[in-house]
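S.K.: As a plain string of letters, each chain reads:
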Amino acid sequence: MIIDDLDAIAEAERSSAKKTVIRCCMAAGCMSSHSEAVKTSLEKIVRDSGLSERIEVRGVGCMRLCCQGPLVGVDPDGIIYEKVTPEDAPAVIIATQGGEANVKRGDPTHPFYTKQLSIVLANSGLIDPERIESYIAVDGYRALHAVLREMTPNDVVESAIKSGLRGRGGAGYSTGLKWATVAKTPAAQKYVVCNADEGDPGAFMDRSVLESDPHSVLEGMAIAAYAVGANQGYIYVRAEYPLAIKRLQIAIKQARQTGLLGSGIFESPFSFTVDIRIGAGAYVCGEETALMASIEGRRGTPRPRPPFPAESGLWGCPTLINNVETFANIPVIIRKGAEWFASIGTGLSKGTKVFALAGKIENTGLIEVPMGTPLRQIVEEMGGGAPGGVKIKAVQTGGPSGGCIPASELDTPVDYESLTRLGSIMGSGGMIVMDESTRMPEIARFFMEFCMDESCGKCIPCRTGTVQMHRLLDKIVRREATPEDLAKLEELCDMVARTSLCGLGQNAPNPILSTLRFFRNEYLELLQAQPDGKPAPAGANAT
Amino acid sequence: MAAKTLIIDGKQVSAQDDATILDAATDAGIKIPTLCHLGGVYDVGACRLCLVEVAGAKKLFSACTTRVAEGMEVHTDTERLRKYRRMTLELLFAERNHVCSVCVSNGKCELQTLAWQNGMEHVGYDYSFPRWGVDATHHLFGLDHNRCVLCQRCVRVCWHIEGAGTKNVAGRGARSAIIDDLKQPWGDSETCTSCGKCVLACPTGALFNKGSTVGEMSRDLNKLEYIVNARLKKQWIALE
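Chains R and W, in that order, are what the protein sequence lines are. Numbers 0 to 542, taken from numbering that gives the first Met the number 0, label the letters of the first sequence in order. Numbers 0 to 239, taken from numbering that gives the first Met the number 0, label the letters of the second sequence in order.
Worth flagging that the hints you see were computed from the coordinates, not collected in a lab. A hint or two may mislead.
[As the list claims (entries may be wrong)] DSS-like cross-link-like pairs, simulated, lysine-lysine; straight-line CA separation at most 30 Å: (1) K30/W to K3/W; (2) K474/R to K487/R; (3) K161/R to K30/W; (4) K182/W to K474/R; (5) K57/W to K487/R; (6) K487/R to K3/W.
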């Protein structure tokens with residue numbers, strides 16, 4: 000494989016493009032509402048009506064507005080159809096030949112679409128994730144070529160640093176710095192690992208990226224491997240994502256066959272292979288040391304750091320671990336330049352962030368916005384607010400490790416520092432909107448139950464502390480708690496956060512702490528009502 | 000091998016290059032509470048009792064897994080650490096069924112001793128009173144899950160001193176439990192060599208010799224370290 004071959008594939012793909020492309024969402028959200036049947040029926044009608052020369056029906060990745068699925072897009076008309084059924088297929092086809100289809104139309108000029116800035120999701124919903132040619136036609140693997148033929152590993156690390164990209168898995172550590180550390184650690188064997196063990200309740204960004212554009216992740220990993228000096232990569236993906244796994248398998252196979260993975264890529268001395276490792280349903284395996292233990296075939300439990308994976312990771316070798324979204328940013332950064340990337344976003348948070356909008360919100364789906372976008376713009380303008388015009392009460396970010404941001408703080412720009420200041424975290428990108436009917440102590444109890452169930456059991460504070468915190472929260476919700484119980488809960492929050500072994504335990508108290516910070520009254524109201532039959536004070540809702 | 004100098008609780012201490020804070024403190028006669036630490040096997044930093052403060056760092060470090068550094072200033076006995084240790088112990092006591100008065104290890108139990116040494120006068124949390132069973136299928140030893148603190152000392156000696164690989168942990172969170180082979184009765188295990196090292200390693204009364212009654216289980220931990228030192232350092236004299 001040389002660059003001419005890549006050009007030839009791209010050229011062949013572009014020249015075979017048909018006049019009309021009907022894009023049918025084949026990501027998990029739309030597939031769960033039978034988009035596969037829609038696609039089959041569209042294909043049948045195109046075939047039967049002899050339009051095969053003029054119309055291509057293409058299975059694509061996520062088209063963002065999941066709640067209106069199955070989604071179908073028609074190019075070049077720029078039409079989006081929503082909630083398409085197989086019976087709608089004839090109307091959609093007839094409309095491509097002029098005329099109007101009596102199918103629900105989406106509004107591409109809605110802020111939900113227009114306020115998005117797609118870097119990671121640039122190809123999502125446009126290309127066929129199961130065909131490498133489709134990715135190559137949109138400049139895929141060009142960044143890898145540029146890196147291998149024109150840049151030294153050090154240049155690549157420098158680019159990553161200059162771009163200001165920070166880890167999209169949640170902690171926000173500088174990606175370039177992490178790469179530099181692995182690159183500088185001398186070792187005969189190094190590894191690159193992609194963390195695709197997305198497990199926060201309500202989060203589906205990484206799944207969508209893998210289902211929609213798996214090659215961008217592979218290309219990002221290959222570039223990272225060249226930069227740090229690794230020749231083997233692993234993608235650790237949870238078993239609950241069968242479609243993502245299938246698309247990754249197809250992508251790896253095609254990349255290997257095309258010569259874009261394997262030995263001597265682009266006739267350079269660089270070799271890189273990627274294997275998939277499938278998780279077994281433990282949330283804690285998203286923690287990097289537990290993830291590595293799991294890849295090695297051991298029980299997936301974290302170990303104390305240092306040593307960090309960059310120094311001693313898989314089988315004791317220096318290992319670079321980045322999240323799916325982080326890797327997906329890399330090819331674009333190389334293609335368009337670090338300066339371009341650094342020009343997007345805020346002072347310390349560069350680029351864009353993908354969020355999975357869920358909960359009590361009109362437009363559920365996937366969005367990608369520049370860092371620094373105010374929360375209000377995301378949930379009110381783009382998300383359309385809570386259904387039925389109900390007031391939004393809070394926005395939860397960062398999953399079980401994050402916190403609830405109250406409606407009064409909705410003007411906060413979304414970046415790492417601002418969210419941390421509010422006691423929440425950027426997290427991996429789950430964003431759950433809560434309306435006025437949500438009771439915060441119950442939310443805290445939900446997340447604590449999650450942490451309790453997902454604690455690996457290795458360290459005492461997390462294993463036993465989450466049980467006791469859950470018990471106290473339950474007592475509060477059931478109106479059986481005293482002020483002493485609340486004090487005990489707060490004491491436990493501090494202790495578990497400070498003494499737990501890994502991030503799961505250290506951050507488990509966050510949902511309690513942040514709801515106590517902004518909604519303390521809700522806790523106090525539950526305390527005042529005793530189970531002796533006294534009426535609950537005004538404003539407290541019975542459970 | 001170069002030595003490093005550091006300060007532990009205001010005292011100047013020198014330590015070997017690769018020593019942990021716990022090693023350095025122990026050498027200097029400074030006692031840091033430990034539970035999952037066991038001489039002779041590698042450390043896992045699970046019990047969090049040995050957490051110490053290091054000047055200039057916000058987070059706490061487990062002394063058993065953190066290497067010393069030149070000029071490091073360590074505090075092992077601050078008000079905050081004492082409080083966390085008491086809470087950790089209270090949480091442990093509330094977790095399973097630790098009833099000293101009927102326990103084979105009463106009076107010789109590390110958990111009991113830790114509670115006493117760290118001023119744990121009462122348990123401020125609701126007891127869980129879980130229903131855990133006893134595995135008495137082995138002809139020499141028994142395993143009472145009610146008294147297990149999941150320190151994994153038995154697992155580590157089984158794998159790394161005896162090399163049998165019988166013991167392991169299954170399940171997660173509060174439902175974690177020590178298992179034998181693929182979670183079968185201990186007596187049916189085909190890998191167990193009946194060496195008894197796990198029983199020696201147990202800090203509580205969870206693993207015991209059959210036939211011992213209340214307060215009768217005594218263990219000589221030096222035996223384990225002796226085996227390891229004999230093998231690795233060719234040092235054949237038992238430590239006092």
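S.K.: So, for every hint listed, does it hold in this structure?
M.R.: So, going through the hints one by one against the coordinates:
no., hint, in the structure
1, K30/W to K3/W, "holds (19 Å)"
2, K474/R to K487/R, "holds (12 Å)"
3, K161/R to K30/W, "violated (48 Å)"
4, K182/W to K474/R, "violated (35 Å)"
5, K57/W to K487/R, "holds (23 Å)"
6, K487/R to K3/W, "violated (41 Å)"
Hint violations for this structure: numbers 3, 4, 6, all remaining hints satisfied.
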